[in-house]
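Enquirer: So you can see what is in the structure, the chains are spelled out below.
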Amino acid sequence: MKKRWLLFTVVLSFVFVMGFQPTVGSAEMKKIHFGYLVADQIHNFASMIIKEKKLFKAEGLEVEWGEYLAGAYVMQHLAAGEVDFATCGVIPTMITRGRGVDVVVIAGSNTEGSSIIVKESIKTVKDLDGAKIGTPGIGSIQDAMVDIVARKHNIKIIHKHMSVPDMPIYLKKGEIDGFIAWSPHNTKAAALGYGHILLTSHDILPGHQCCVLVTRGELIRKEPETVKKVMRAYMKAFQYEMASKKNHDETLEMVVKYTNAPKEVVVKAWALTPHPYPPYLNIESAKFQAEGLLKGGKIKRGVITNMDKFIAQLYHPYFLLDYLRNMK
Amino acid sequence: MANDKNAGSGKLGTFGYNALALSIFILLWTIVSWISESLFLPTPWTVLKSFLDLCTYGDVEGISLGMHIFKSTLRIFAGFVAACILGIPLGILMGLYPRVYDSTKSVIEPIRFIPPVAWIPLVIVLLVGFSRYAFIIWLGAFFPIFIGTLLSVRSVNPTHIDVPRSFGAKRLYIIRKIVIPSTLPDIFTGMRVGMGIGWDCIMAAEMIGGENEGLGVMILKYAELIRIEDIMVGMIVIGAIGFFINEIFIFVERRVFKWKEAIVIS
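Protein chains in written order, with numbering that gives the first Met the number 0: chain A, 0 to 327; chain B, 0 to 265.
Please note that a few of the clues may not be correct.
Simulated pairs of lysine-lysine, DSS-like, Cα-Cα distance not exceeding 25 angstroms [unchecked claim]:
1. A:Lys29 - A:Lys235
2. A:Lys56 - A:Lys29
3. B:Lys48 - A:Lys299
4. A:Lys172 - A:Lys125
5. B:Lys176 - A:Lys294
6. A:Lys118 - A:Lys262
To give an idea of the chain A side of the interface with chain B (calculated C-beta under 8 angstroms), a few residues [what the hints assert, rightly or not]:
7. Ala71
8. Ile94
9. Met161
10. Ile168
11. Lys172
To be clear, the hints were calculated from the coordinates, so they are not data collected in a lab. Note that CB positions come from ideal geometry on N, CA and C, so glycine has one too.
Kindly produce the complete structure, drawing on both the sequences and the hints.
Expert: Spelled out as structure tokens, the structure:
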């Protein structure tokens, strides 16, 4: 009996100790968890360049990468403290912030870059009335954009939530009339002849903020040096892509490798996805999108009483500005 | 008369203990959520309020809780009925003719070990709409029913078969009058387990996407909005329906198979 208890205590202690292991990889290397979305390298090319060029390692960071199906899933893991940094849509970030989770945007990533692809019989936006449109989920920026189209044109669009890689299959099988997704899934489906692009996110909401670089507020307070290092790697990735045509072409080749999309699809999709530099958050766009979330009930009424204050708490550009200042 | 009285007070006692257990559980939950003050552990009252809101106003897309319950129940029953229709006759057949099972187990047994979730990518490509959900539920419910029936047929007391056979009873008569009645309680137990697994599979099935109604879909929707209280409503409703259906099964089992005495250690 005593032996059993001893064994039980040893096993329990082992589990306990393992569960509370600090996230430090080694004495020199600080370990971080970084989340990104599946085949989202056109919107968030920086994380891909960081990975390929080992920019985190150069900053003394050991990274564990995590791939997620949609922004909402990254946010769940970030809220649980499993993910330290992530690139995903500003919409899931705001929804999460609206729930009281201390998630903070530290830089922008891209604007626009999504589009609605529909079956051939749908020719105009008005034809979308009553149509079933696949979206990556209720908490995604793309889902919010379908709401914007419906409101703008006073039509009813039926949302069908599904994972982005499945969308072309559903469209091909005629189970949905179209879908909205981030590049290159839409461009790829159009190239395969599954449908045609009816609206780009530029048509829906010109210059809208799409993806952002986020972290937990707790990390900013407790480990500002780590955040600084992540920002440095992030900005170096941007600068690498912009440095020359050769680097830009190399970036496109990386996207081809990561997304498994043909080069011409990637080139087309890239052209639809601006990456403003410096990557500030488009505050006006974020406010507009937050208003939409309130109207749609995705952020509960009463949570945002002062929009400026909400955005000020959400967006923390200090590290980005600090990097740009030191660069000069 | 005295026995009836005892049975009545026994039932009341069980009910009382269950009410007490539930109250303690709710009390502990309240205390833990108050102490933790975590965003991710709402109090029972917050969950109750969400339940009432979902009943009154529907979810974030205006779909009522009743519709979510209806859609999930419909999918489960479709898959479950299909599992019974195929699982019971196949179990009886393979139980009566073990060679059929032995010759096909290289196909049946590996399929049994493939979790329903693993089928999802294939199901998206091969099936359409409602059939996808029913198939995943069917996969979960089929094997407990099939295996339960198969093993039950094999374990029929040989004396019960030999006696009528020695009096010249035909094979079909033995199957109808001896084998099937003896296996019914086990088939019923298999069905009960199958129904439970069917409910387990509903989340996996409704993760497929493409539909906006269903308790699993509702849970996923609110997971995206990080609204734990609404997620918990979905979980509790699934648990409550499962419990209710299980109680119906037990009630029917007790009525129909009264002759099957349970061994009670007092």
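Enquirer: State for each hint whether it applies.
Expert: Quick rundown of the hints versus the structure:
1. For the proposed pair Lys29 of chain A and Lys235 of chain A, the alpha carbon gap of about 19 angstroms is at most 25 angstroms, so the pair holds.
2. A distance of roughly 10 angstroms separates the Cα atoms of Lys56 of chain A and Lys29 of chain A; the hinted pair therefore holds under the 25 angstroms criterion.
3. Taken as a hint, the Lys48 of chain B and Lys299 of chain A pair is honoured in the structure, with Cα atoms around 14 angstroms apart against an allowance of 25 angstroms.
4. A distance of roughly 23 angstroms separates the Cα atoms of Lys172 of chain A and Lys125 of chain A; the hinted pair therefore holds under the 25 angstroms criterion.
5. Proposed proximity of Lys176 of chain B and Lys294 of chain A is contradicted: the alpha carbons are some 66 angstroms apart, above 25 angstroms.
6. About 24 angstroms separates the Cα atoms of Lys118 of chain A and Lys262 of chain A, which keeps this hinted pair within 25 angstroms; it holds.
7. Restraint check, Ala71 of chain A versus chain B: the minimum CB separation of about 4 angstroms is within 8 angstroms; hint holds.
8. Below 8 angstroms, beta-carbon pairs count as interface contacts, and Ile94 of chain A has one with chain B at about 6 angstroms; its hint therefore holds.
9. The interface hint given for Met161 of chain A is met, as the beta carbon of that residue sits about 3 angstroms from the closest beta carbon of chain B, less than 8 angstroms.
10. Taken as an interface hint, Ile168 of chain A checks out: its beta carbon lies about 6 angstroms from the nearest beta carbon of chain B, inside 8 angstroms.
11. A hinted interface residue such as Lys172 of chain A counts as satisfied when its beta carbon comes closer than 8 angstroms to some beta carbon of chain B; here the least separation is about 6 angstroms, so the hint holds.
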